[in-house]
Amino acid sequence: MKISRRDFLKGTATSLFLAGFNFPVLASTSKKKNLIVIMLRGGMDGLCAVPVIGDKRFEKIRKGILIENPMKLDSDFALHPKLKGFSECWHDNTGAIVHAASIPYTARSHFEGQNLMESGGRVPYQEKTGWLGRGMKLANLKGEGLALSLPMPLLLRGVPKNDNYYPADGRLPRDETLELLKSVYADSSEEELLDMMNFIKKRKNEQMGTGVGYDKRKNKNLAMRAGQLLSNPNGPRVAVFEVNGFDTHAAQGGINGTHTKCLVEMDTIIQNLKISKKTYENSIILTVTEFGRTIKKNGGNGTEHGYGTAVFLAGGLVKKSQVHTDWPGLKRKELFEGRDLNATIDARSVYASAMSTVFDLDFNRIEKEVFFGDKLQNLSDKLFKA
Amino acid sequence: MKNFFRKVAFGLKPDEKAPSDPLIWAQKQVESIPEFNWKGKHIYSEKEMRKYWITQRVEENTTLRKKYKNDPEGFRRAERKLEADTGKHLWPANELCIRHAEGLRSEHPVLAKLWYFWGNHFTISDTQTLGSYSTGAYQREFLRANMDKNFEVMATEATLAWPMIMHLDNKDNIGPKSESGRSEWRIRKKRPATLNENHARELMELHTISPEAGYTQEDVIELAKIMTGWRPDWSERKDHGNDVGFESDKHEPGKKRVLGKEYKSGRKGIKLAIKDLVNHPSCRNFIATKLCRYLITDEPTPQMIAPVVKAWEQSDGFLPEVHKAAIKVAFEYNDKYRKFQNPENWWLTTINMSGSTYSYPVREKLIDSHPLGIKPFGEISEQAWFLKDLGCHPYRQKQPNGFSDLEKDWLSTELIIRRIMFAKTAFHKFSTQDMLDDNIHEKIIRNNFDNPDKILKIVSKAKTNEEKHIILFNLPEVLKA
Numbered sequence: 025m026k027i028s029r030r031d032f033l034k035g036t037a038t039s040l041f042l043a044g045f046n047f048p049v050l051a052s053t054s055k056k057k058n059l060i061v062i063m064l065r066g067g068m069d070g071l072c073a074v075p076v077i078g079d080k081r082f083e084k085i086r087k088g089i090l091i092e093n094p095m096k097l098d099s100d101f102a103l104h105p106k107l108k109g110f111s112e113c114w115h116d117n118t119g120a121i122v123h124a125a126s127i128p129y130t131a132r133s134h135f136e137g138q139n140l141m142e143s144g145g146r147v148p149y150q151e152k153t154g155w156l157g158r159g160m161k162l163a164n165l166k167g168e169g170l171a172l173s174l175p176m177p178l179l180l181r182g183v184p185k186n187d188n189y190y191p192a193d194g195r196l197p198r199d200e201t202l203e204l205l206k207s208v209y210a211d212s213s214e215e216e217l218l219d220m221m222n223f224i225k226k227r228k229n230e231q232m233g234t235g236v237g238y239d240k241r242k243n244k245n246l247a248m249r250a251g252q253l254l255s256n257p258n259g260p261r262v263a264v265f266e267v268n269g270f271d272t273h274a275a276q277g278g279i280n281g282t283h284t285k286c287l288v289e290m291d292t293i294i295q296n297l298k299i300s301k302k303t304y305e306n307s308i309i310l311t312v313t314e315f316g317r318t319i320k321k322n323g324g325n326g327t328e329h330g331y332g333t334a335v336f337l338a339g340g341l342v343k344k345s346q347v348h349t350d351w352p353g354l355k356r357k358e359l360f361e362g363r364d365l366n367a368t369i370d371a372r373s374v375y376a377s378a379m380s381t382v383f384d385l386d387f388n389r390i391e392k393e394v395f396f397g398d399k400l401q402n403l404s405d406k407l408f409k410a
Numbered sequence: 302m303k304n305f306f307r308k309v310a311f312g313l314k315p316d317e318k319a320p321s322d323p324l325i326w327a328q329k330q331v332e333s334i335p336e337f338n339w340k341g342k343h344i345y346s347e348k349e350m351r352k353y354w355i356t357q358r359v360e361e362n363t364t365l366r367k368k369y370k371n372d373p374e375g376f377r378r379a380e381r382k383l384e385a386d387t388g389k390h391l392w393p394a395n396e397l398c399i400r401h402a403e404g405l406r407s408e409h410p411v412l413a414k415l416w417y418f419w420g421n422h423f424t425i426s427d428t429q430t431l432g433s434y435s436t437g438a439y440q441r442e443f444l445r446a447n448m449d450k451n452f453e454v455m456a457t458e459a460t461l462a463w464p465m466i467m468h469l470d471n472k473d474n475i476g477p478k479s480e481s482g483r484s485e486w487r488i489r490k491k492r493p494a495t496l497n498e499n500h501a502r503e504l505m506e507l508h509t510i511s512p513e514a515g516y517t518q519e520d521v522i523e524l525a526k527i528m529t530g531w532r533p534d535w536s537e538r539k540d541h542g543n544d545v546g547f548e549s550d551k552h553e554p555g556k557k558r559v560l561g562k563e564y565k566s567g568r569k570g571i572k573l574a575i576k577d578l579v580n581h582p583s584c585r586n587f588i589a590t591k592l593c594r595y596l597i598t599d600e601p602t603p604q605m606i607a608p609v610v611k612a613w614e615q616s617d618g619f620l621p622e623v624h625k626a627a628i629k630v631a632f633e634y635n636d637k638y639r640k641f642q643n644p645e646n647w648w649l650t651t652i653n654m655s656g657s658t659y660s661y662p663v664r665e666k667l668i669d670s671h672p673l674g675i676k677p678f679g680e681i682s683e684q685a686w687f688l689k690d691l692g693c694h695p696y697r698q699k700q701p702n703g704f705s706d707l708e709k710d711w712l713s714t715e716l717i718i719r720r721i722m723f724a725k726t727a728f729h730k731f732s733t734q735d736m737l738d739d740n741i742h743e744k745i746i747r748n749n750f751d752n753p754d755k756i757l758k759i760v761s762k763a764k765t766n767e768e769k770h771i772i773l774f775n776l777p778e779v780l781k782a
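If you're matching them up, the sequences are chains V and Z in order.
Counting from 1 along the first sequence, just add 24 to a position and that's the residue number in our numbering.
Counting from 1 along the second sequence, just add 301 to a position and that's the residue number in our numbering.
Hint data in this document are derived by calculation from the structure and do not stem from the laboratory.
You may find that some hints are simply not true.
Here's a subset of chain V near chain Z, in silico, CB distances under 8 Å, partners left out [what the hints assert, rightly or not]:
| # | residue |
| --- | --- |
| 1 | E136 |
| 2 | P197 |
| 3 | S212 |
| 4 | E216 |
Where a beta carbon is used, it is the ideal one built from N, C-alpha and C, also for glycine.
Model the full structure from these sequences, guided by the hints.
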C-alpha cells in the first residue's frame with residue numbers, strides 16, 4: 025500500500041465492467057425507489073471485509089487472521105473473497121464501498137455505538153427515534169417501513185405505522201376475534217397496538233411465510249420475501265435487516281472464521297434481494313455498524329473495538345462501482361489513538377445522501393431536520409444516481 | 302389495586318385468595334432465599350454442569366474433527382449424537398423448569414420476578430454454547446443465591462464466575478508485561494500477550510457504574526489490567542473448562558489507576574476495584590433506576606428512584622432492603638403507572654392467571670425420566686421454543702446488555718402476533734375439563750381485576766373459550782400491569 029492520507033479523493037472506479045450493462049433510466053419521481061439498510065451488530069471489521077493491498081505492516085500485525093487471496097478491487101483495495109454476492113454487484117457496476125468511514129462515536133461501547141448508529145445523534149440514549157424514521161417522516165412516508173426482525177429497531181422509529189416480517193408458526197385466529205381485539209385497542213386509545221392489528225389483519229390473508237420452521241426466519245429467506253414486498257408498487261419502500269455476531273474478540277479467524285460467517289450472511293441478503301430484479305434496480309442497499317475493529321490482532325486471534333470501518337453500498341441507484349475514500353493511512357501516527365483505522369468520512373453523510381436520493385429530499389433539509397444540523401458532506405452525486 | 306400482583310409477580314390464580322396486605326405479602330418474599338420449588342433430581346452446580354460443556358467441547362474439537370476431517374456429513378451426525386449425549390437441549394429445558402416453577406408454583410413469585418431481573422442484569426449472552434450448559438446454573442448459583450446479600454457479593458461472584466469470564470473473553474486478557482507475556486515461546490510462536498478490554502468495559506458499563514459515571518478509555522484499559530490473569534487455564538483434557546483462578550504469571554505488573562484511584566498489582570486488585578465500583582454513587586443510581594424501570598414504568602421519575610437509592614445507602618447495598626424499597630415504590634405508584642410486561646413475564650402471567658400451572662412447566666418426573674442421549678422432544682423441548690419464538694429466551698440474549706425493559710422494544714406486528722398465538726397456546730395448556738368450563742374466564746377475571754364486570758363484558762363477546770383466552774390475555778390491562 026503506497027497511498028497515504030489524502031493522496032486521492034477520487035473514487036477509484038473500475039470502468040472495465042461498465043460497457044454493455046445499463047439499467048433502464050429511472051424517472052426521478054414516478055418510480056418507487058427503495059432504501060434497504062443492513063445493520064451489522066457487534067462492530068464490522070472494515071479491514072477484514074475490504075483489506076488494503078500491499079501494506080506490509082498491516083499484513084504483519086494481522087498475521088493469522090489476514091484474509092488470503094482477496095479479490096482485487098482496484099490498485100489499493102481488495103474484497104473478501106467469500107463475498108460472492110457483492111462481487112457480482114461490483115462487476116455489474118452497482119456495488120460500491122465507502123472506506124475509512126464511521127459514525128462520529130469513539131468511546132467503543134457496543135450499546136452506545138449501536139444506539140447512535142440507529143439514532144444518528146451524538147449523545148447515547150438521548151434520541152428516542154432513528155435517523156431512518158425521521159427521514160421517512162420528513163418525506164411523509166407513513167406505513168412504508170418494514171423491519172425483517174422480531175422487534176422494531178430504533179432505526180425505524182419516528183414515523184408511525186411501520187410493519188415487520190418475521191413469520192411465526194401456526195395460524196392466526198378468526199377474523200372476528202382479530203376484529204374484536206382491534207375494537208378493544210381502539211376503545212382504549214392504544215394507537216400503536218391498533219396500527220399493528222391493522223397489519224395483522226392484512227397478514228391474515230397472506231401466507232404466514234413460506235418454508236418450514238426455522239428456515240423461513242433466516243436472513244436469506246427474509247431477503248427473498250423483502251424483495252417481493254418492495255417490488256410491489258404499493259408495498260413498503262424501506263426495509264431493515266439485522267446481522268449479529270461481528271464482535272469477534274476471540275477466534276475472529278481468517279477465511280473461514282466467525283467474522284467471515286457474519287459477512288457472508290450480509291452478502292447473502294444482498295444476493296437474494298438482487299433476485300427480485302425490479303427491487304434491486306430501484307434501490308440503495310447500505311450497511312451500518314457501530315464501529316470498526318483494531319488494526320492489531322489480539323492474543324486470542326481476535327480484534328478489539330475500534331473506530332473507522334467500511335460501508336457497503338449496492339443496488340441500481342448506486343452510481344458506479346468504486347471505493348470512495350479519503351484514506352487516512354495505517355502508519356502508527358495516522359491511526360486513531362494509535363490503534364484504529366481513522367474515520368475521515370462521517371458515515372451519516374452516506375446515510376443522508378442515500379435518503380436524499382431515494383426520498384427525493386433536499387440534502388440540507390436532511391442535515392438540519394434529521395441530523396440535528398450537524399455539518400455533513402453531500403455525497404449524493406458521487407455515490408448515487410440522481 | 303389488583304394489577305399490583307401482576308406488577309411485582311404474575312397475577313393470581315383463579316382460586317387463589319388475594320393477600321390482605323399486598324405490600325407486606327410482596328416484601329416478605331424477598332427477605333430470604335428458600336429452596337427451589339422444583340423437586341426434580343437435576344439441580345446441579347455450575348461446576349457440575351461444566352463437565353458436560355467440557356465433554357462436548359473437547360470431543361468435538363479434537364476427536365470428531367480428526368475422525369471426520371474429510372466427511373462433513375459424518376461429522377454433523379456425530380456432532381448431533383454428541384449434543385444429545387451431553388444434554389445440550391435437555392439441560393436448558395431442565396433449567397427453564399426450575400426457573401418457571403419458581404414464578405408459577407412457589408410461595409415467592411416476587412422473589413422469582415426479581416431473580417429474572419438479575420439474570421438479565423448480569424447477562425451471559427448466547428456464545429460458546431454457554432446457554433446450553435451453564436447459564437441456568439450460573440443464574441441459580443451466583444445470582445439467586447446472593448439475593449439475600451450485599452450487591453458487592455453478587456457483583457464479585459458474578460464477575461469471577463466461569464461463564465462470565467468466558468463470555469466476556471477475560472480468559473484472553475493477558476498482561477503484555479507479565480511473566481507469561483514476556484516469555485520466549487510467545488515470541489517464537491508469534492502469540493503476543495494482549496489486553497482484552499471486553500469484560501472490564503462491561504463490568505463498568507453494564508454491571509455497575511454505567512457510562513453516566515464518566516469513565517474514560519484509559520479507565521477501561523487500567524481496569525482490564527487489574528483483571529488480567531483471572532481466567533480458567535487451558536488444558537488438553539478440559540479445554541477452557543478449568544476453574545477460574547488467578548494466574549499471577551499472566552497478571553500485568555505495576556500499579557493501576559481507575560477513576561483516580563490507585564490499585565496495587567496482584568490478586569486482590571479485582572475485589573478492591575469491584576468494591577469501589579459498587580460504592581460509586583452512579584452504581585446505586587443506575588441499579589435503582591433499572592429496578593424502577595423493570596417494575597414500575599419505562600421512565601422512572603427521580604421521586605421513584607430516590608427511596609431505592611436511600612435504602613441502598615442505609616443498608617450498604619443489602620439487596621433485600623433494596624428490593625423492598627423498590628417494591629414499596631411500585632406499590633405507592635401502582636394506580637398511576639402501568640408497566641408493559643416483557644414476553645417472558647407476560648407468558649408466565651398468562652399461565653398463572655389461567656391456573657394451568659399444573660401443566661406448565663412440565664412435571665419433574667417427565668424431565669427426570671428423559672435419558673441423556675436422546676434429544677428432547679414434545680413438551681420438554683416446546684418450552685424453550687416458546688421463549689425463543691416470543692423473542693425472550695433467558696439464556697439466549699444476543700448481547701451482554703440483555704433484553705430491553707422498554708415497551709417500545711417489545712412492540713411490533715410480529716411480537717403482537719406472537720402474543721395472540723401464545724395466548725392460544727396457553728389455553729391448550731388447560732386440562733380438557735378446564736377447557737370446557739364456561740365459567741373459567743369469569744373466575745380468572747373476578748380474581749384479577751378491580752373492574753371485573755367491564756372486563757367480563759368485553760371478553761364475553763368472543764365466541765369460544767379459546768377465543769376468550771386470546772382476548773383476555775391481550776387486553777391492555779394484561780399487557781401492561
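Which numbered hints fail:
No hint contradicted; all consistent.
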